Each structure stands twice: as C-alpha cells, then as structure tokens.
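Novice: Sequence:
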Amino acid sequence: MISRLHTCRRIGMQQQYELGQYIKKRYSNFLSHAYKREEILVLSSETDRTIMSAQANLAGMFPPTGEQIWNPDLLWQPIPVYVVPKANNPKLRFPIFDCPRYKNF
1 MISRLHTCRR IGMQQQYELG QYIKKRYSNF LSHAYKREEI LVLSSETDRT IMSAQANLAG
61 MFPPTGEQIW NPDLLWQPIP VYVVPKANNP KLRFPIFDCP RYKNF
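Mapping of the sequence shown onto full-length UniProt numbering: position 102 corresponds to residue 102, and the numbering continues sequentially without gaps.
Incorrect hints may appear among the rest.
[Unchecked claim] The calculated label-pair distances, taken between Cβ atoms and stated as ranges, are:
1) Gly66 <-> Ala87: 34 to 44 Å
2) Glu46 <-> Ile11: 17 to 27 Å
3) Asn88 <-> Lys25: 29 to 39 Å
4) Lys25 <-> Leu74: 17 to 27 Å
5) Leu74 <-> Ile23: 30 to 40 Å
6) His33 <-> Asp73: 34 to 44 Å
7) Leu75 <-> Ser28: 12 to 22 Å
8) Gly66 <-> Asn89: 30 to 40 Å
9) Lys86 <-> Thr65: 28 to 38 Å
10) Val42 <-> Ala87: 16 to 26 Å
[Unchecked claim] Okay, derived cross-link-like pairs now, DSS-like style, lysine-lysine, Cα gap no bigger than 30 Å in a straight line:
11) Lys25 <-> Lys36
12) Lys24 <-> Lys36
13) Lys86 <-> Lys36
14) Lys86 <-> Lys24
The hints are simulated quantities; they were obtained by calculation from the structure and are not laboratory data. As the structure is a prediction and not an experimental result, all values here were calculated from the model. Just so it is clear, CB atoms sit at the ideal spot from N, CA and C, and this is done for glycine as well.
Turn these sequences into a full structure, and let the hints guide you.
Specialist: Written out as structure tokens, the structure reads:
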C-alpha cells in the first residue's frame, strides 16, 4: 500500500495546476508564452508527490501552443522535471536544520 503522504491527491494536483497558471500570469513579462527549455529548469526531490506537483505546475504554466500541440485532444506537453536525490541537494531536504529561522517554527 502506498502512503498518502507520498502521493499527490487530486486537490493538490488542481492547486498546483492553478498555481502554475498564476505564476504564468504574474511573470508574463519575464517568461515566454511558450515553453523554452533554455528559460526554465525544474528540480524535484525523488518522491512521487513532488514530481507530480512539479508536472501539474508546469502544465498550468505552459499549455502547448502551435507546434507544441502533439495531440489536439490532450492540451498537455511533456516538460522535463529533473530528480535530484536529497543527499545531493540540501535545498530539497527538510527539515533544514542549518537554517537560522528553522528553530522559530
């Protein structure tokens, strides 16, 4: 049985999708309208939940346009999410013990 703590629920996927739409609108002067691999790099920890969250967020940020549409019935495009083991990236570890503000929480 898979723990619910490690999976992304429907509501979480919807929230991440909507967050992606918000980020797209908020930073529309900074980001290109269409996905460009030179502009964005997405890192995730190795849990299913964080990878799925990143994918849902990207789907909201970058719906396919023009030549990026590979299936007209599915307005989604694959965008790479790079998985980094926690041991290799302290930013993806929690709790962050060396953070001065961590003790305040």
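Novice: Are there hints from earlier that the structure breaks, and if so, what are their numbers?
Specialist: Numbers 5 and 6, in rising order.
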